[in-house]
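Asks: As a plain string of letters, each chain reads:
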Amino acid sequence: AQRVTQPEKLLSVFKGAPVELKCNYSYSGSPELFWYVQYSRQRLQLLLRHISRESIKGFTADLNKGETSFHLKKPFAQEEDSAMYYCALFIQGAQKLVFGQGTRLTINP
Amino acid sequence: DAGVTQSPTHLIKTRGQQVTLRCSPKSGHDTVSWYQQALGQGPQFIFQYYEEEERQRGNFPDRFSGHQFPNYSSELNVNALLLGDSALYLCASSSDRGQYEQYFGPGTRLTVT
Chain A
3 AQRVTQPEKL LSVFKGAPVE LKCNYSYSGS PELFWYVQYS RQRLQLLLRH
53 ISRESIKGFT ADLNKGETSF HLKKPFAQEE DSAMYYCALF IQGAQKLVFG
103 QGTRLTINP
Chain B
2 DAGVTQSPTH LIKTRGQQVT LRCSPKSGHD TVSWYQQALG QGPQFIFQYY
52 EEEERQRGNF PDRFSGHQFP NYSSELNVNA LLLGDSALYL CASSSDRGQY
102 EQYFGPGTRL TVT
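Residue numbers (this note's numbering), protein chains in the order written: chain A, 3 to 111; chain B, 2 to 114.
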């Protein structure tokens, strides 16, 4: 079965503290994983994808095939990071994205 | 480029009615996917259109149908609306060669009463 699990619906951290948003997946094929972000009153937008191994807005995510995880991390949270974050898995044959339920991240001043 | 656009922004319908939602893809994109996002959930794939044909379909009943026009814009139709169809409907566009990089529209909020 193809599934993406984000175990935390809500996550609250203080400004300057490290952030880790968890994502686990279930997929028999070679995974292509993404993090999407939705800021207040804005559309869903791509934050980063594992294949590019880039850092966007200070966020990084490493694919761990052994643990089937793709956790999103940032060493020092900023207030503008407050948003809804979705982990997504691209299914090659079906040409679709499978999303997790999302984690609402709140950065406290 | 305005990116992916959707209309209308909000819609209120009654059970049993039919609804049509519209989507214009990002310039240069030829593939349109539709997703349903219920409150508190992640988006769920409905179907994808490419070359004016439904190419892939998720686990949604036949009440959900679509269309793609020669200019790549797309419509999502839902017949015999149920209360459970109330959701945010998202359109995403991509190029056929870059399927995984999907750009989302702002969505249409459908409320069924």
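Honestly, the hints are just simulated from the structure, not real lab data.
Backbone N, C-alpha and C fix where the C-beta goes; we use that ideal spot for every residue, glycine too.
A hint or two may mislead.
[Said to hold, decoys possible] Not the full set, but computed from the structure, chain A residues with beta-carbon under 7 Å of chain B: (1) Lys-17; (2) Gly-18; (3) Phe-92; (4) Gln-97; (5) Gly-104.
Asks: Each hint should be assessed against the structure and marked as holding or not.
Replies: Hint check results:
This hint is violated: Lys-17 (chain A) has a C-beta 26 Å from the nearest C-beta of chain B, more than the 7 Å allowed. With a cut of 7 Å, the hint placing Gly-18 (chain A) at the interface with chain B is violated, because the nearest CB-to-CB distance is about 29 Å. Taken as an interface hint, Phe-92 (chain A) checks out: its beta carbon lies about 4 Å from the nearest beta carbon of chain B, inside 7 Å. With its C-beta approaching chain B no nearer than about 5 Å, Gln-97 (chain A) sits inside the 7 Å limit, and its interface hint holds.
Below 7 Å, beta-carbon pairs count as interface contacts, and Gly-104 (chain A) has one with chain B at about 5 Å; its hint therefore holds.
Checked against the numbered hints above, the structure breaks hints 1, 2 and satisfies the rest.
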